[in-house]
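K.L.:
Read off the chains here:
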Amino acid sequence: MVEKNIQNNETVLEVDDLVVHYNTEEGVAEAVNGMSFTLHKGETLGLVGETGAGKTSVALAIMGLLPVPPSQIIRGSIKLNGEELVGKKNKEMRSIRGDKIGMIFQDPMTSLNPVMSVGDQIAEVIRLHENISKGEASVKAGKMLEKVGIAADRYKEYPHQFSGGMKQRVVIAIALACNPNILIADEPTTALDVTIQAQVLELINDLKKDYGTSVILITHDLGVVAETCDRCAVVYAGEIVESGSLEDIFLHAQHPYTKGLFGSIPRLDVIVERLHPIKGLMSDPMTLPEYCSFYDRCDHACEECKQGEPACMEVSPGHIVRCRLAHPEAMKPESWEKGQA
Amino acid sequence: MDEILKVEKLKKYYATPRGLLHAVDNVDFSVERGKTMGFVGESGCGKSTLGSTIIGLEVPTGGKIIYDGRDITFPTKKELKELRKELQMIFQDPFSSIDPRMSISDIIAEPLIIHRMYRSRQERTKKVEELMDIVGIARRYAYSYPHELDGGRRQRVGIARALAVNPKFIVCDEPVSALDVSIQAQVLNLLQDLQRDHQLTYLFITHDLSVVRHISDDICVMYLGQIVEKCSAAELYLHTLHPYTKALLSAIPIPDITIKKKRILMKGELSSPIEPKDQCRFAARCPYANEECYSSCPKLMDVGNGHMVACHKVHSLEDNL
Amino acid sequence: MAKNVTPYMQKVNARLEKERKKGKRSTPLREAAKRYKRNKIAMIGLIVVIIFILVAIFADLIAPYGYDENDYTAILQAPSWTHLMGTDDYGRDIFSRIVIASRYSLPVGFICVILGLLVGGGLGLIAGAGGERVENVIMRIMDIFQAVPATLMSIAIVAALGNTMSNLILAILVASFPGFARTTRAAIFTVKDNEYIRAAQALGANKARLMLRHMVPNGMGTIIVHATSTMASSIMIISGMSYLGLGIVPPTPEWGSILNAGRPFMLNAPWYTVFPGVMILITVLVLNMMGDGLRDALDPKLK
Chain A
1 MVEKNIQNNE TVLEVDDLVV HYNTEEGVAE AVNGMSFTLH KGETLGLVGE
51 TGAGKTSVAL AIMGLLPVPP SQIIRGSIKL NGEELVGKKN KEMRSIRGDK
101 IGMIFQDPMT SLNPVMSVGD QIAEVIRLHE NISKGEASVK AGKMLEKVGI
151 AADRYKEYPH QFSGGMKQRV VIAIALACNP NILIADEPTT ALDVTIQAQV
201 LELINDLKKD YGTSVILITH DLGVVAETCD RCAVVYAGEI VESGSLEDIF
251 LHAQHPYTKG LFGSIPRLDV IVERLHPIKG LMSDPMTLPE YCSFYDRCDH
301 ACEECKQGEP ACMEVSPGHI VRCRLAHPEA MKPESWEKGQ A
Chain B
1 MDEILKVEKL KKYYATPRGL LHAVDNVDFS VERGKTMGFV GESGCGKSTL
51 GSTIIGLEVP TGGKIIYDGR DITFPTKKEL KELRKELQMI FQDPFSSIDP
101 RMSISDIIAE PLIIHRMYRS RQERTKKVEE LMDIVGIARR YAYSYPHELD
151 GGRRQRVGIA RALAVNPKFI VCDEPVSALD VSIQAQVLNL LQDLQRDHQL
201 TYLFITHDLS VVRHISDDIC VMYLGQIVEK CSAAELYLHT LHPYTKALLS
251 AIPIPDITIK KKRILMKGEL SSPIEPKDQC RFAARCPYAN EECYSSCPKL
301 MDVGNGHMVA CHKVHSLEDN L
Chain C
1 MAKNVTPYMQ KVNARLEKER KKGKRSTPLR EAAKRYKRNK IAMIGLIVVI
51 IFILVAIFAD LIAPYGYDEN DYTAILQAPS WTHLMGTDDY GRDIFSRIVI
101 ASRYSLPVGF ICVILGLLVG GGLGLIAGAG GERVENVIMR IMDIFQAVPA
151 TLMSIAIVAA LGNTMSNLIL AILVASFPGF ARTTRAAIFT VKDNEYIRAA
201 QALGANKARL MLRHMVPNGM GTIIVHATST MASSIMIISG MSYLGLGIVP
251 PTPEWGSILN AGRPFMLNAP WYTVFPGVMI LITVLVLNMM GDGLRDALDP
301 KLK
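Here the protein sequences come in this chain order: A, B and C. First residue of the first sequence: 1, per our numbering; consecutive thereafter. First residue of the second sequence: 1, per our numbering; consecutive thereafter. First residue of the third sequence: 1, per our numbering; consecutive thereafter.
Hints are computed from structural coordinates only; laboratory data are not their basis. It is possible that part of the hints are untrue.
Listed next, with one range per pair, are the computed distances between beta-carbon atoms [claimed, not checked]:
no.: 1; chain 1: A; residue 1: Asp210; chain 2: B; residue 2: Asn290; range: 32 to 38 Å
no.: 2; chain 1: C; residue 1: Gly162; chain 2: B; residue 2: Met117; range: 56 to 62 Å
no.: 3; chain 1: B; residue 1: Ser30; chain 2: A; residue 2: Pro67; range: 49 to 55 Å
no.: 4; chain 1: A; residue 1: Asp210; chain 2: B; residue 2: His239; range: 34 to 40 Å
no.: 5; chain 1: C; residue 1: Lys207; chain 2: A; residue 2: Pro67; range: 31 to 37 Å
The calculated lysine-lysine pairs, modelled on PhoX-like cross-linking and capped at a C-alpha distance of 25 Å, are [as the list claims (entries may be wrong)]:
no.: 6; chain 1: C; residue 1: Lys207; chain 2: B; residue 2: Lys78
no.: 7; chain 1: B; residue 1: Lys6; chain 2: B; residue 2: Lys64
no.: 8; chain 1: B; residue 1: Lys6; chain 2: A; residue 2: Lys143
no.: 9; chain 1: B; residue 1: Lys267; chain 2: B; residue 2: Lys277
no.: 10; chain 1: B; residue 1: Lys262; chain 2: A; residue 2: Lys147
no.: 11; chain 1: A; residue 1: Lys208; chain 2: B; residue 2: Lys277
no.: 12; chain 1: B; residue 1: Lys64; chain 2: B; residue 2: Lys277
Computed footprint of chain B on chain C; a stretch qualifies when at least three of its residues, placed anywhere within it, have a C-beta under 8 Å from a C-beta of chain B [unchecked claim]:
no.: 13; region: 57-63
no.: 14; region: 188-200
A virtual CB, placed ideally from N, CA and C, is assigned to each residue, including glycine.
Starting from the given sequences, assemble the full structure and let the hints guide the process.
P.N.:
Encoded structure:
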């Protein structure tokens, strides 16, 4: 899948046909099944999906942090600035992690070292990737703290002296300390309260603008995507089922799953008597069908959908839908026509 | 008005090394039969403590809880056991709130055994199956164990267990927070159906303003152990009065790119109500705070239409709307 | 989608298919058993323990000679086909003595563990589930018991009360039950804060039900693991005491006492001491292997 980019920006990251499996005692879990996407310089790409959709596996694959075994990259490529990352040795990846790609994890409580002062944790990352003295690194770390809105005189304090939101700021400071090309934020605000979430999102946005960093924002919250992302990819059962600009996804969603997600969320501004959930449960990555993995939950599923994997359709420039019914000439069931009207 | 629950000046304090923590402080409210009262607030605002205190899992420090005309603030052991049949609770985490070493049917049957209802085994099995049908778990899961079920189904087991004793009042403590959006919607719909079919009254505790808006008739917004705003759900969103509620509402990301709203960024973070001074607890983070706010704690006052607000500056702020 | 299946995964898939056909239900216990079976070291431990138990049961049939059958024509003979492990200074067959000794060491260790579990586990449960005051009283008493080294305590008790089997069991029990109390209390503490305990409380369950139906089954894993390692250490103490002449009295064979009897002949008849020593070593080793396997199987998160 080659995505045409309207803005014709410089591509920073290109993931092509990535397949990741987990070999477990219970069977093979097909976590990522042929995901492809590109990330342009300075943009924020939202990866939206539910638990177990494979969002985190993609992030770990890019970081080279997939635990091997049980996981295994079956095929596909990940190119950072044109440089292939799949198959790189651990040592080579280590120099890329933190320097070129930074990552923020979901839980700020566990991603900091409790026995090291926050300033030293930032300085450590800087010293790992830049050949500078201890003193210079601490000066830089102090500046990073200021950047994320923490007074530099808290340099010597330990994580337990910080609140959840403050800890997440420290994590962001560590991730951005070496001015990476890409920042991967895996559910960065899920563990935080809404008011703190707003502060952290604002911070990521501001820093992104200052540094020109490209961001991959992994989240389950469509609201967060609407407010922070430039483009968005909806992930289901390890596949990107729909991707495009925010307008494409939020105003002209085509895939039944994307539509279902919108029907599931209670809204502040729109009052409905009942929600319209997607029926059934998340597909089990152990037993994915040979055909469309959304088949069992889809309201528009018909016999034709069982004839193999759906192909990707570019319904408008940059807006790609992985559904048979998105094809203009496809046989469509009645329910689909109704949904369009 | 048919009040099923009335709570007056309820207090729950905890002793901590740094002083007395006012987890719930002088909370007044009442719930009408068959309605849903939503409690919303950030972590540490005391909403969960409030729920467990009402249900009798915590002993209140002071105040009064009146359920169906009876004072149940400090029930005897016998009264408490009887009350469990009327007041039930649905817990937040579907992964830790059901015993991993019990089968699904054992979990649902537990309240029946405790309260010696449906004495014979056949009757009990029948009731369990009935409950499984009601909450929508296939009967073939009766002898499965929790680890074989996903979060949504587990939460349904938790709901079935709460329903087993035919309660009238259910405290729902963040029942959908741990679930994915598509599953969350299924469970919310189920809760609404159950309320209609069994004339249940809910006390719905959550941090999610969209969810509480969707399911509640009335909403109380809590901040550091106190109710700061209380009114009907529609009123709260149309005429938000308290600065905290406003900030909270503006902080929620809305999944609609056509709406551009101004976000009120609150400064600072939630502190904890340990030995609070006699002042507005929100004052330190409030953009409108002045001396008055630091001199005394505002009382919850009716500003019309049953809309209650605890803010000194409510009248001057109203004009800004 | 084409699957790249490794040979290992083919095996896994075949196994899963078989299980699916059998229609086996998955219970927490069965899952644990499955995990245990996959652990090779633990399985070796289990097999050896089973062999030892069988040997103890059928000791009379296995032992070629009686344990007190003297043969003065064959004193201190080296291992041979007639005497697999050689003979001692009375011409008794060491192999027979070791086999028959397992009838004493293993059951005594087992009885001590069961009693320790009942006494210590009960106290630990009360301490863990009860209030702060009850807990303090029980645990401080346990502290007093544990302040004296286990072996010293056992020696003191047997020395004071006399050298009988029941006193030996009592001595080992006194040395081991505080450990059970401590482990049980810790296990209860970790499950106590789970939401399902609160949920059961909200349903109206009383204390007894909370403890027996919810806390004990969920804390059992840790306690079982402690029991196997205590069994190993109990056998060590029995042997140690017998070595000192305080445990099982000769001529009744016991590994520790055989070891002691062979001490003067260590240089010219090393088999006399080596074989009982090896037996103690193996028993303790396999019990610990089993214990570690059980821990990993019962609580996969602990690993």
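K.L.:
Each hint should be assessed against the structure and marked as holding or not.
P.N.:
Consistency of the hints with the structure:
| no. | hint | result |
| --- | --- | --- |
| 1 | A:Asp210 <-> B:Asn290: 32 to 38 Å | 35 Å, holds |
| 2 | C:Gly162 <-> B:Met117: 56 to 62 Å | 57 Å, holds |
| 3 | B:Ser30 <-> A:Pro67: 49 to 55 Å | 53 Å, holds |
| 4 | A:Asp210 <-> B:His239: 34 to 40 Å | 39 Å, holds |
| 5 | C:Lys207 <-> A:Pro67: 31 to 37 Å | 43 Å, violated |
| 6 | C:Lys207 <-> B:Lys78 | 14 Å, holds |
| 7 | B:Lys6 <-> B:Lys64 | 8 Å, holds |
| 8 | B:Lys6 <-> A:Lys143 | 54 Å, violated |
| 9 | B:Lys267 <-> B:Lys277 | 20 Å, holds |
| 10 | B:Lys262 <-> A:Lys147 | 23 Å, holds |
| 11 | A:Lys208 <-> B:Lys277 | 40 Å, violated |
| 12 | B:Lys64 <-> B:Lys277 | 24 Å, holds |
| 13 | 57-63 | violated (count 0) |
| 14 | 188-200 | holds (count 6) |
Hints 5, 8, 11, 13 from the list above are not met by this structure, while the remaining hints are.
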